[in-house]
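Enquirer: With chain Y's structure known, arrange chain G on it following the hints.
Listed below are the residues making up each chain.
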Amino acid sequence: MDNQFLTWGKRLLWLNMLFSFLFLYIPIVILVAFSFNDSRLGARWEGFTLKWYVEMFSSDAVLSALSNSLIVAFTATTIATILGTMTAVAMERFRFPFRKTFDGILYLPVIIPDIVMGVSLLAFFSLLTSIVNGALGLSGNDSIRPGLVTVIIAHISFIISFVTIVVRTSLKDFDKSLEEAAQDLGADEWTTFRRITLPLIAPGILGGALLGFTLSLDDYVITAFTTGPGGTTLPIEVFGRIRRAISPEINAISTLMLMMSMMLIIISQVVQRRSAKM
Amino acid sequence: MRSRQKAYLAVLLSPGALWLLFFFITPSLLIVVYSLLERKDGGGVIWSFTLDAYIKLFTPNEGTFINDFLIIFLRSFWWATLTTVICLLVGYPLAFYIARQKPSVASTLLFLVMIPFWTNFLVRTYAWKFILNNNGLINTILQAFDFAPWSLINTPTAVLIGMVYGSLPFMVLPLYASIEKFDFSLVEAGQDLGATYWQVFTRIFLPLTLPGIAAGSILVFIPTVGQYVVPTILGGGKVAMLGNILAQQYGSALNWPFGSAIAVVFMVLLMGGIIIYFRIEQEQEI
Chain Y
9 MDNQFLTWGK RLLWLNMLFS FLFLYIPIVI LVAFSFNDSR LGARWEGFTL
59 KWYVEMFSSD AVLSALSNSL IVAFTATTIA TILGTMTAVA MERFRFPFRK
109 TFDGILYLPV IIPDIVMGVS LLAFFSLLTS IVNGALGLSG NDSIRPGLVT
159 VIIAHISFII SFVTIVVRTS LKDFDKSLEE AAQDLGADEW TTFRRITLPL
209 IAPGILGGAL LGFTLSLDDY VITAFTTGPG GTTLPIEVFG RIRRAISPEI
259 NAISTLMLMM SMMLIIISQV VQRRSAKM
Chain G
486 MRSRQKAYLA VLLSPGALWL LFFFITPSLL IVVYSLLERK DGGGVIWSFT
536 LDAYIKLFTP NEGTFINDFL IIFLRSFWWA TLTTVICLLV GYPLAFYIAR
586 QKPSVASTLL FLVMIPFWTN FLVRTYAWKF ILNNNGLINT ILQAFDFAPW
636 SLINTPTAVL IGMVYGSLPF MVLPLYASIE KFDFSLVEAG QDLGATYWQV
686 FTRIFLPLTL PGIAAGSILV FIPTVGQYVV PTILGGGKVA MLGNILAQQY
736 GSALNWPFGS AIAVVFMVLL MGGIIIYFRI EQEQEI
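Chains Y and G are the protein sequences, given in the same order. So the numbering used here is basically just the index in the first sequence, starting at one, shifted up by 8. So the numbering used here is basically just the index in the second sequence, starting at one, shifted up by 485.
No lab work stands behind these hints, which were simulated from the structure alone. Treat the hints loosely; a few may be bogus.
[Unchecked claim] The calculated lysine-lysine pairs, modelled on DSS-like cross-linking and capped at a C-alpha distance of 25 Å, are: (1) G:Lys491 - Y:Lys180; (2) Y:Lys180 - Y:Lys108; (3) G:Lys666 - Y:Lys18; (4) Y:Lys184 - G:Lys491; (5) Y:Lys108 - G:Lys666.
Same shape as in the complex, but just chain Y (with noise of 0.2 Å):
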């Protein structure tokens, strides 16, 4: 009674399993393969094909579109990494007034929905640019608008507390004593630092900017409230095609996508392993 009971209670694991990496797999694996069908309209298989890859790379909306999405990741990673290191070295090695309190806000970027996030800073943006315009005199066609940079800014503004939390958790792992050694040798803080603390933290540190990375380029809500002329990203680019109809060109855009995903998943498991070698 009680083996049969667990021999079948194990079949049902292993099923449960497989069909859940079917869920997971069976969809993506049909939308990169209809990406090579010979045919314009529905999903009846017409046979091979390359010819949405070529139209996809020859349109212009979809380069500028992957283009932007890129300049939007690479700067607000970069400018959010400085920021959340530093923030993170100051929440994990000092004590200072009001330190349970923003220790909470620096969660609330990732806790609140984005479509919140979204609306809140399309409103904010909408305050300051009419404020801007309104001091330096500026009207019509020559007037401030929200656009790329309002984008930078909105995702700057949840990557940080990602990039935050990683190097945190990477700062909590390390044995203290290595920088109190490094001062009392004589090192000032600058030094112990960039010495000592900066390689120790580094596969931490890559790693919530490869974090940030992947959220800034798969981010639609927050960018699509905050973006203007000019500012069209990869997903707000696929988001209107989607809603205008489905096309195999939409199928090579999602297949680019998810080539860049998967770059970025490889490159994050050769990252955590050096580390775990270190």
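Expert: For chain G alone, coordinates are given in the frame of chain Y:
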């Protein structure tokens, strides 16, 4: 604290803190202010105090105790609850299975869960639209065998499928972390003392993996209740959630104070829930 240290702390802390103060806290508070102002045609606000937005949100339709907006509130929280429960029912046994494998197998399976976790959410949602659409994969297959088409797109089912699909990895990863830490000799100890499988599960296993359940549930529930992408793409705007009415009030309806009031009530409900949850957790620890 020595003044040198103070200066060092100021240099480290102020850039990040000022950034968040200016570009996160101020916009959040601005929403609270906007929710108390008058609506301006064409978007934006008129700077005079009114409670109109909240009155509109909480005034029931005649003869009932509810209105369309409150229905969308209830629907969003109900669907997020359903999504969380389904993810838990599938994710818990999956995480358990992975945690019981040899380290090499476990790390491969875990990696397979991580891939969708890192993959573009919009792309994964579109994949389901491609499958469920009226001329999508399911209906093409049905037609090929002369079956009647199955209209799944723009239904609550499609939205739920999309949300479970998007959230499952967020449930499995924290669950795995807490199940992996579990000391399985406790199971044997329980059985030696005469506990049944069910008792071992409910009295030992479940309480000790509760932090993972809680973390996974929060990671699934909160983004789901505020979903915009899934109900828009798979619901076609026909089954609206909170994200849709928020976007609508800030977009086509151009009623910013009302949109802000919805956001404020939404955040109060979410934050209230989180605070109550942590209070309960703290009390249990004592």
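Enquirer: Each hint: holds or not?
Expert: Outcome of the hint check:
The straight-line distance between the Cα atoms of Lys491 of chain G and Lys180 of chain Y is roughly 21 Å, inside the 25 Å bound, and the hint therefore holds. Annotation: proposed proximity of Lys180 of chain Y to Lys108 of chain Y holds, straight-line Cα distance about 17 Å (limit 25 Å). Proposed proximity of Lys666 of chain G and Lys18 of chain Y is supported: the alpha carbons are some 20 Å apart, at most 25 Å. For the given pair, Lys184 of chain Y sits about 19 Å from Lys491 of chain G by alpha-carbon distance, which is consistent with the 25 Å threshold.
Our distance criterion of 25 Å between C-alpha atoms is broken by Lys108 of chain Y and Lys666 of chain G, whose separation comes to about 28 Å.
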